[in-house]
Amino acid sequence: MLTKKFFKTKDEAEVTFEFNRGDVTNAALVADFNDWQAVEMKYNKKTQTFKTKVRLPKGEAFHFRYLLNNSEWENDDKADQYLPNEFGSENSVVQTTP
1 MLTKKFFKTK DEAEVTFEFN RGDVTNAALV ADFNDWQAVE MKYNKKTQTF
51 KTKVRLPKGE AFHFRYLLNN SEWENDDKAD QYLPNEFGSE NSVVQTTP
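Taking the working numbering, the leading residue of the sequence shown gets 1, the next gets one more, and so forth.
Calculated directly from the structure, the hints in this document are not laboratory data.
Just so you know, not all the hints are guaranteed correct.
Unchecked claim - Straight-line distance between alpha carbons at most 25 angstroms, and here's what the computed DMTMM-like set of lysine to aspartate or glutamate pairs gives:
id, residue 1, residue 2
1, 78, 35
2, 53, 23
3, 58, 14
4, 78, 11
5, 78, 60
6, 53, 90
7, 51, 35
Using the sequences and the hints given, assemble the complete structure.
This is the structure in C-alpha cells:
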C-alpha cells in the first residue's frame with residue numbers, strides 16, 4: 001500500500017511503496033517509471049512489511065504493480081486510481097500532485 005508521499009523539492013516527490021501479506025516471501029515493485037523492471041523491496045521483520053522509496057517528478061501519474069513470490073501480480077489497495085492495462089487487468093496508479 002502507498003504509505004506516504006513527501007514532496008522533497010518543487011520538482012520532486014518521494015513516494016513510499018509498502019506491501020504486507022503473510023504468505024509472501026519476496027516482493028518487487030514494477031512500474032513504468034523504471035521501465036517495468038522489478039526492483040526488490042526490503043523486508044522489515046519487525047513490521048512484516050516489504051518497503052521501498054522512490055523519488056519521482058511532481059505533477060505526474062505513474063502505473064505500477066507488485067510482483068510477489070516471483071510469479072503473482074498484485075495491485076496496491078491504497079493506489080490513487082486503477083487503469084486498464086494491455087493484459088486485460090488493471091494497473092495501480094500513483095499521482096505525484098501535492
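Results for each hint:
1. The suggested pairing of residue 78 with residue 35 holds, with an alpha-carbon distance near 22 angstroms, which does not exceed 25 angstroms.
2. Simply put, residue 53 and residue 23 have alpha-carbon atoms about 22 angstroms apart, close enough for the 25 angstroms limit, and the pair holds.
3. For the suggested pair residue 58 and residue 14, the alpha carbons sit about 9 angstroms apart, so the restraint of at most 25 angstroms is met.
4. This hinted pair checks out: residue 78 and residue 11 have alpha carbons roughly 24 angstroms apart, not beyond 25 angstroms.
5. Of the pairs offered as hints, the one joining residue 78 and residue 60 holds, with about 17 angstroms between alpha carbons and a cut-off of 25 angstroms not exceeded.
6. Distance restraint check for residue 53 and residue 90: the Cα-Cα separation of roughly 22 angstroms lies within the 25 angstroms cut-off, and the hinted pair is therefore satisfied.
7. The suggested pairing of residue 51 with residue 35 holds, with an alpha-carbon distance near 19 angstroms, which does not exceed 25 angstroms.
Every hint from the earlier list agrees with this structure, and none is contradicted.
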